[in-house]
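Could you fit the two chains together into a complex? Lean on the hints.
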Amino acid sequence: MDLLFQFLTNTGYYLADYRNVIMIVVGFVFLYLGTAKKYEPLLLVPIGFGILVGNIPFFKGFGLGIYENNSVLHYLYFGVTTGLYPSIVFLGLGAMTDFSSLLARPSLMLLGAAAQMGIFFTLLGALALGFLPKEAASIAIIGGADGPTSIFLTAKLAPHLIGPIAIAAYSYMALIPVIQPPIMRLLTNRKERLIRMPELREVSKKERIIFPAVAVILCCFLAPASIPLLGTFFFGNFLKECGVADRLAQTARTAIIDTATILLGLTVGASTQGDVFLTPKSVAIFVLGAVAFSIATASGVIFAKIMNLFLKEKINPLLGAAGVSAVPGSAREVHLVGQSEDPENFLLMHAMACNSSGVIGSAICAGILWSFMVVL
Amino acid sequence: MYGLTAISTHNGWAMAFAGALIVFAGLVVLSSVISQLHKVLLFWEKKHPVFKNNHKMPENDEPEEAPGTHVPREFPTDLDETARLYQPLIEELGETFYLSDLYEVAKKNGFPHPHITLTAFREAEILLPYGDGVFGWNPHTENKDKEND
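Line by line, the protein sequences give chains C and X.
The numbering used here applies: residue 1 is where the first sequence begins, and numbers increase by one.
The numbering used here applies: residue 1 is where the second sequence begins, and numbers increase by one.
Just chain X, with the same shape it has in the complex (with noise of 0.2 Å):
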């Protein structure tokens, strides 16, 4: 038996349809349910807005900022400038530091997309590789900033 009328004989069409169908809602109940696991955290944690009353929680929640670290809210196009903008975080790491450990910090205090930051910076050789992922600032690019401050 051959063609639609295999398909009808052996029940495909109900088969299709009610196997899509139950793939689409259980994957939709589940990501339904995770994406409410963060919020059932929080109230678990009890750190929800609905619960901010009872701690004394400080009234500006930005993050503090490193001492001498500054996101400026239109963050710079240019590489030179936004490396700049890092140097302070650099100091805080030492000469030598892991790349993941510069994500962390750059992340902490806001710095957007620091992951593409990163990925230029090792592109334009503002970060130099020591190897074992161990990086260190461009000393050359340090004293470019320093010229043009």
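Extracted from the complex, chain C is given alone in its bound form (with noise of 0.2 Å):
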């Protein structure tokens, strides 16, 4: 009978306490959201599950937690806390990234820098509310739209902070439908957004091959502390579009960057127990997440519109909202937008060019905080 009542002193049933209860309904939304709604199912589904898991009660000192050494979790929590996943994730990336709309358009890219001003507004922000620098720089760095740049940096700076900013950044990149069409507009008017964006001229295949050579040095020596990131992210570009080397490129843009994503999802769900998750400071990085967003999406329209007065030729104002660096969800948002209102006006190639450049700046924008704080 002793027996019988220690077993069932250990299961969940017995251990669980309300803040796993709150976990637990939190990974359903997040599951409901990937597989039902379809929202970034490939982020939410893992993460989704990854919360489940993560918050199943268990006896302390089991092995078994995230946070347990020598758990199996934990060791593959190890990816994340060493910036090593992001950095895989980045290959793949570089791996699947079409410049060639970047390359025909290269003014484009200072929307991907516009949208970066979230970033510091935030930065800011989270100063302004009592955060110390380095969790300030890793919150701030969720309006850059990028998880897995979000994920390295906070790993860099902030440990503890890992799980909150991990959910935030991907919560709002799988919100992009909802949360940047009414910024966009809000802040253009009819006439803007049926403006139309000429047709991209043909980019040679040389330049395709120099481009991420190029990048990869000019990005790096600007920022030595973001070449985890844009040194795989190039060097993914450079197997895709160097031509011989297209099994490793496959390869990349495929089974490494989907295992990566899997054990990164997961783990990063798994972080997210309640009684560490469940603070008052993760309700306050989910906020300025969502401040951090809008104003990135507001900085790239409204920088686009800036850029208008000085152009013979304007620019659809609406591309400013994917400068951030989520992709390609942003640029597939800017597109539909642009095409309720007219629908043969196609954005998309020149939004990827946006987007794109914001991988690189939000990339940057990782760099520059480290060194600060690297600094301080």
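No wet-lab data here; the hints were simulated from the structure.
Possibly wrong hints are sitting among the right ones.
What follows is a set of in silico ranges between Cβ atoms, one per label pair, in the way DEER data are often shown [as the list claims (entries may be wrong)]:
no., chain 1, residue 1, chain 2, residue 2, range
1, X, Leu21, C, Thr11, 53 to 61 Å
2, X, Gly133, C, Asp342, 21 to 29 Å
3, X, Ala120, C, Thr279, 51 to 59 Å
4, C, Val25, X, Asp80, 53 to 61 Å
Model, not experiment: these values are computed from the prediction.
We treat Cβ as the ideally placed atom computed from N, Cα and C, and that holds for glycine.
Here it is, written out as structure tokens:
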């Protein structure tokens, strides 16, 4: 009888507290959004399931939890805390990205830079709310709308905040269709949304091959701390474009990125144990994340409108919203908002140019913030 | 510590301003370099106008048109009329063809906005999908074109 009673006291049903229940509900919401609503399913499904796994109550000291040494989850989480998975995800992203549209219209890269302003506004906001500089920098990078970059920087600066920051970053990436269109419509008028972009020039293969090699030098010389992200990103792109390593490029953009995404999502989800995750700081991070993402979208659109003051051939200001680095979600959203006004307006390729420059911009920002914090 | 005091104490204003400036500067330099990339390549391959005298370039730079293909200066807005202009390209490609091939040929021959035109053709069922990316020209359209002629 004692044995049975002891067993029962060790079950999750007995050990559960309200925080685990709340997080399990959050996990189900993520799974619902990913599977039923198809909001970024490749991200939300592993994270949602990870939240369920991470919030099953267990007897402490068994070596089961993600924060317990020698547990399987702890070893898998190693890839997050060291910044390994984000780096691998960037390799795959590079092998997937086509920079042709950016090479055809390099001026659109400025919109990718403008959209990073959300990061620096949020840095100020987080400092004002009482976060320490390293925490503030980690929260601010959510404004880049790039999950792997957010995780990478947080792992380096404020590892205790990885859970809430990763969840906030991925949640807002998944909620792009909800967050971005109202901001785009609010800041533009119909006439601006109807602006058509000229057809892009054809980009030669040589340009596409040279670009990653030149870009990695220019960007990483400027912000060497972004080497782990941009180094692998441009390497992946070079594999794709050079034409002699198709097998490697194919593996990078399929098996490798998929494996890293699964492990990243699952362990980040599992890191949201109720007792660690449900704190007032997490709530503040979610609020600041939303602010960061909204400011990033708005700054891109506003900067595009400023550019139009000086340009003879106007650009569609909706493209500014694609300057955040959520690839390809925000580019798709810009295209859809453009098409809702004029079904024959094709903005996707131009939006992809801004989107890919947003990836580069947010990785540079991560490098810059990391460098600043080392100096502090 | 909270508010503006916290920002000032942690050097927040300087970090935000310098950070924004560095990102902008970095991406401006990168965009300037890549905007010149194709020109550098043209020099490298000696195709730039500067080198044109060294090569016996034909006086007329316009691309040679495929036989039977005529792209008017003023492109028609009417879809059937546009379809008639695409007819020689279709004959060149054969009964069935990949959409990408038609796009390439149209682009090569200087047809404006081929992707928009092809989308319009698909919506108007002038181009019929046969699956696996293979398309065919709707014979009824062809007959209609010939009747119009």
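Hint check results:
1. X:Leu21 / C:Thr11: 53 to 61 Å: Given range 53 to 61 Å: holds, Cβ gap about 57 Å.
2. X:Gly133 / C:Asp342: 21 to 29 Å: 27 Å, holds
3. X:Ala120 / C:Thr279: 51 to 59 Å: 56 Å, holds
4. C:Val25 / X:Asp80: 53 to 61 Å: 58 Å Cβ-Cβ, so the 53 to 61 Å window holds.
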